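Undergrad: Note that the protein sequences, when read in sequence, are chains A and Z.
Each residue of the first sequence is one higher than the one before, counting from -1 in this note's numbering.
Each residue of the second sequence is one higher than the one before, counting from -1 in this note's numbering.
Keep in mind the hints are simulated off the structure, nothing from the lab.
Quick caveat: nothing in here was measured; it's all calculated off a predicted structure.
Careful, some of the hints might be misleading.
To be verified - EDC-like, lysine to aspartate or glutamate: derived pairs with alpha carbons at most 20 Å apart:
hint : chain 1 : residue 1 : chain 2 : residue 2
1    : A       : LYS225    : A       : ASP208
2    : A       : LYS179    : A       : ASP208
3    : Z       : LYS182    : Z       : ASP89
4    : Z       : LYS325    : A       : GLU73
5    : Z       : LYS53     : A       : ASP210
6    : Z       : LYS326    : A       : ASP124
7    : A       : LYS196    : A       : GLU226
8    : A       : LYS162    : A       : GLU230
9    : A       : LYS296    : Z       : GLU73
10   : A       : LYS78     : Z       : GLU297
11   : A       : LYS326    : Z       : ASP124
12   : Z       : LYS22     : Z       : GLU7
13   : A       : LYS325    : Z       : ASP124
14   : Z       : LYS326    : A       : ASP106
15   : Z       : LYS325    : A       : ASP124
16   : Z       : LYS22     : Z       : GLU353
17   : Z       : LYS296    : A       : GLU73
18   : Z       : LYS243    : Z       : ASP210
19   : A       : LYS179    : A       : GLU205
20   : A       : LYS78     : A       : GLU135
21   : A       : LYS325    : Z       : GLU73
22   : Z       : LYS296    : A       : ASP124
23   : A       : LYS296    : Z       : ASP210
24   : Z       : LYS182    : Z       : GLU3
25   : Z       : LYS53     : A       : GLU73
26   : A       : LYS181    : A       : ASP210
27   : Z       : LYS287    : Z       : GLU297
28   : A       : LYS326    : Z       : GLU73
29   : A       : LYS173    : A       : GLU205
30   : Z       : LYS78     : A       : GLU297
31   : A       : LYS53     : Z       : ASP210
32   : Z       : LYS326    : A       : GLU73
33   : A       : LYS326    : Z       : ASP106
34   : A       : LYS173    : A       : ASP208
35   : A       : LYS53     : Z       : GLU73
Number of protein chains: 2
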Amino acid sequence: MGNNEFYFEVQARDRSGTQARVGKITTPHGSFMTPVFMPVATRAVVKTMSPANLKEAGTTILLGNTYHLAVRPGERLIAKMGGLHRFMAWDGPILTDSGGFQVFSLADLRELSDEGVTFRSHINGDLFCFTPERVIEIQEILGVDIIMPLDHCIGWPATYVEAKEAMERSIQWAKRSLRAKSKKDQALFGIVQGGGYKDLRERCARELVDLDFPGYAIGGLSVGEPKEIMEEMVRAATQILPPEKPRYLMGVGTPQDFLMAIAHGIDMFDCVMPTRNARGGGVFTWNGKLQIRNACHKESPLPLDPKCSCYCCQTFSRSYLHHLFSKKIEDILGLVLLTLHNLTFYHEFMAKIRESIWQGRFREFAEEFLLQSRDPSTNDG
Amino acid sequence: MGNNEFYFEVQARDRSGTQARVGKITTPHGSFMTPVFMPVATRAVVKTMSPANLKEAGTTILLGNTYHLAVRPGERLIAKMGGLHRFMAWDGPILTDSGGFQVFSLADLRELSDEGVTFRSHINGDLFCFTPERVIEIQEILGVDIIMPLDHCIGWPATYVEAKEAMERSIQWAKRSLRAKSKKDQALFGIVQGGGYKDLRERCARELVDLDFPGYAIGGLSVGEPKEIMEEMVRAATQILPPEKPRYLMGVGTPQDFLMAIAHGIDMFDCVMPTRNARGGGVFTWNGKLQIRNACHKESPLPLDPKCSCYCCQTFSRSYLHHLFSKKIEDILGLVLLTLHNLTFYHEFMAKIRESIWQGRFREFAEEFLLQSRDPSTNDG
Chain A
-1 MGNNEFYFEV QARDRSGTQA RVGKITTPHG SFMTPVFMPV ATRAVVKTMS
49 PANLKEAGTT ILLGNTYHLA VRPGERLIAK MGGLHRFMAW DGPILTDSGG
99 FQVFSLADLR ELSDEGVTFR SHINGDLFCF TPERVIEIQE ILGVDIIMPL
149 DHCIGWPATY VEAKEAMERS IQWAKRSLRA KSKKDQALFG IVQGGGYKDL
199 RERCARELVD LDFPGYAIGG LSVGEPKEIM EEMVRAATQI LPPEKPRYLM
249 GVGTPQDFLM AIAHGIDMFD CVMPTRNARG GGVFTWNGKL QIRNACHKES
299 PLPLDPKCSC YCCQTFSRSY LHHLFSKKIE DILGLVLLTL HNLTFYHEFM
349 AKIRESIWQG RFREFAEEFL LQSRDPSTND G
Chain Z
-1 MGNNEFYFEV QARDRSGTQA RVGKITTPHG SFMTPVFMPV ATRAVVKTMS
49 PANLKEAGTT ILLGNTYHLA VRPGERLIAK MGGLHRFMAW DGPILTDSGG
99 FQVFSLADLR ELSDEGVTFR SHINGDLFCF TPERVIEIQE ILGVDIIMPL
149 DHCIGWPATY VEAKEAMERS IQWAKRSLRA KSKKDQALFG IVQGGGYKDL
199 RERCARELVD LDFPGYAIGG LSVGEPKEIM EEMVRAATQI LPPEKPRYLM
249 GVGTPQDFLM AIAHGIDMFD CVMPTRNARG GGVFTWNGKL QIRNACHKES
299 PLPLDPKCSC YCCQTFSRSY LHHLFSKKIE DILGLVLLTL HNLTFYHEFM
349 AKIRESIWQG RFREFAEEFL LQSRDPSTND G
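All chains should be modelled from the sequences, with the hints used to inform the complete structure.
TA: Here's what the structure looks like:
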């Protein structure tokens, strides 16, 4: 932890005709390789997982939610307990989002102005006020490694005027966040907004690049738009964002989404999908998804995924996991084991992608995976 | 697993004036030391715990519930998956109860006769018939190491006539169980019944001793009777049961109960208390119990128990665990961590008891513990 500088180094570029690259990000809490998947530790915990489980699954960086942590237990309590790393006993890198997305999607919004947003917590009704300055302050108190500026998030669909207004306000807030930032050992990323409008995305990216952030996120996607729009917006932004800075596509997504975005040069992802799906019995495998509650698994002696090396796959049959997920049993162990498996799969998926980029065969890897994961013979089909 | 014989060896007797002893039980799935606590794996899982967690906590033998397993997933499915050990991936010894207790407490009882009991499952309403022969068959199909005969369980209080009838029927059923048993690699214990009546307990113990079981359980206690009655019944039975056979006090209990029973020569225990309490936020420590939800732990940087070596105590503060248990957060990780801690405490408690017996100072250990665990200074008080 001697080095308090945030550092990104591109170590390899794909040679199969995509923008994919392998990188290494260094933070005060250690380094990790990109492309990377960040499990979501909303309330200072990746639901069901201990830090030991996360290490076992291959997690190298976590995402925490500023909104949730500010509401409960509050950044002051976390600071009293030694900061977010120590509070949750995770000694690796942590990134926190700005809370913007949750303020606009979860909270009872009271007032929105250029100054900031006032809202009532969805947990206890307490009144909160988020300004760009306050959101930086919270994240500095949490003591994480990568922080995000407050942004004005809109839904899908939105009119051009709405998207433009929210984008412009987000840029103003990004500037204020830069000015408010006081700690040298945290990297503040810029967030590209602009809804589903290519020219807005481009303009936003250009203005943020001028502000020279150490990394850039693309926000406001995976909110219901068609996949083609998502790809168009990712392409529009990545073509402008500087190649020597890391790029983070927020809230995305599926293995298929990763392949698309990495081909455009995206380096970082976060999503609740592997953890949330696991708790509902949904399993990611190298042969596609399966639902462990389906009756076809009741007498299956197979592991979830014969290619997976996780404790769950090395130890238990689908039959046993089906039993754990069956009605009136629904044992917590099933939720833990499927979460461990899905996270292992997500991390292993990224490791294989990095390997394929090193080998200059990312495109081939992507095509093989898309073919394989459509094979119905070994999943629920 | 070469030795298919069930074997019990008393290795040390307390020299501080109690009947406490250290023993070693050998089964086809390995050996364990007594006094021992057996976590309850009702439905082929100790709620929230993986086999790896159990080993970590110090578990050496598990208890499974014949009633629950017969109802779901059914012994046939378990056999198809290679038996209960392989199904749940636990390679150590397993004891199953007879289901008698659950039939009388959980099921919708249809008919009870000398032949057996007919009941509807509390899960799906299916009609089942348990006879002594059928219960032995189920346990032989499950393939566990120690099995129990069907017994007629009564509640507290019960009249002398009720207790006598149930005890006599249980003895008849024990005889039929012995005749029905066909596998040599399972040990069938006798169960002493007799309600809260000393003379019935004594008569039952004597008749069972004549049948020469390899081990003896004491059933029908911890069902609401005063602690003095429990102790009187334990003393009545243990004074008659042969000292060279293991003694198992079913469904008990608290650390205090263990000290009482071990002083009378009990070797084995099972109880849902450490696991069920954990899921409700209740924590056992060397200084007594605490409730992690209590506000006094909100800002406490202390571990649950400074004397505990479990992953939870070595890693997390009470403040963090309080956060995990707080309303609208209630993360599963909290349930897992407290279960791991409580089981570690229970097993460590037994290990310290065994150590004190070796050292001839069990009585001193018991007195110290009772004093210490009343100290309110480091718990919720």
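Undergrad: State for each hint whether it applies.
TA: Structure-based check of each hint:
{"no.": "1", "hint": "LYS225(A) / ASP208(A)", "in the structure": "violated (29 Å)"}
{"no.": "2", "hint": "LYS179(A) / ASP208(A)", "in the structure": "holds (17 Å)"}
{"no.": "3", "hint": "LYS182(Z) / ASP89(Z)", "in the structure": "holds (19 Å)"}
{"no.": "4", "hint": "LYS325(Z) / GLU73(A)", "in the structure": "holds (18 Å)"}
{"no.": "5", "hint": "LYS53(Z) / ASP210(A)", "in the structure": "violated (52 Å)"}
{"no.": "6", "hint": "LYS326(Z) / ASP124(A)", "in the structure": "holds (14 Å)"}
{"no.": "7", "hint": "LYS196(A) / GLU226(A)", "in the structure": "holds (12 Å)"}
{"no.": "8", "hint": "LYS162(A) / GLU230(A)", "in the structure": "holds (17 Å)"}
{"no.": "9", "hint": "LYS296(A) / GLU73(Z)", "in the structure": "holds (13 Å)"}
{"no.": "10", "hint": "LYS78(A) / GLU297(Z)", "in the structure": "holds (8 Å)"}
{"no.": "11", "hint": "LYS326(A) / ASP124(Z)", "in the structure": "holds (14 Å)"}
{"no.": "12", "hint": "LYS22(Z) / GLU7(Z)", "in the structure": "holds (5 Å)"}
{"no.": "13", "hint": "LYS325(A) / ASP124(Z)", "in the structure": "holds (15 Å)"}
{"no.": "14", "hint": "LYS326(Z) / ASP106(A)", "in the structure": "holds (17 Å)"}
{"no.": "15", "hint": "LYS325(Z) / ASP124(A)", "in the structure": "holds (15 Å)"}
{"no.": "16", "hint": "LYS22(Z) / GLU353(Z)", "in the structure": "holds (14 Å)"}
{"no.": "17", "hint": "LYS296(Z) / GLU73(A)", "in the structure": "holds (13 Å)"}
{"no.": "18", "hint": "LYS243(Z) / ASP210(Z)", "in the structure": "holds (10 Å)"}
{"no.": "19", "hint": "LYS179(A) / GLU205(A)", "in the structure": "holds (19 Å)"}
{"no.": "20", "hint": "LYS78(A) / GLU135(A)", "in the structure": "holds (15 Å)"}
{"no.": "21", "hint": "LYS325(A) / GLU73(Z)", "in the structure": "holds (18 Å)"}
{"no.": "22", "hint": "LYS296(Z) / ASP124(A)", "in the structure": "holds (19 Å)"}
{"no.": "23", "hint": "LYS296(A) / ASP210(Z)", "in the structure": "violated (41 Å)"}
{"no.": "24", "hint": "LYS182(Z) / GLU3(Z)", "in the structure": "holds (8 Å)"}
{"no.": "25", "hint": "LYS53(Z) / GLU73(A)", "in the structure": "violated (36 Å)"}
{"no.": "26", "hint": "LYS181(A) / ASP210(A)", "in the structure": "holds (17 Å)"}
{"no.": "27", "hint": "LYS287(Z) / GLU297(Z)", "in the structure": "holds (18 Å)"}
{"no.": "28", "hint": "LYS326(A) / GLU73(Z)", "in the structure": "holds (18 Å)"}
{"no.": "29", "hint": "LYS173(A) / GLU205(A)", "in the structure": "holds (10 Å)"}
{"no.": "30", "hint": "LYS78(Z) / GLU297(A)", "in the structure": "holds (8 Å)"}
{"no.": "31", "hint": "LYS53(A) / ASP210(Z)", "in the structure": "violated (52 Å)"}
{"no.": "32", "hint": "LYS326(Z) / GLU73(A)", "in the structure": "holds (18 Å)"}
{"no.": "33", "hint": "LYS326(A) / ASP106(Z)", "in the structure": "holds (17 Å)"}
{"no.": "34", "hint": "LYS173(A) / ASP208(A)", "in the structure": "holds (11 Å)"}
{"no.": "35", "hint": "LYS53(A) / GLU73(Z)", "in the structure": "violated (36 Å)"}
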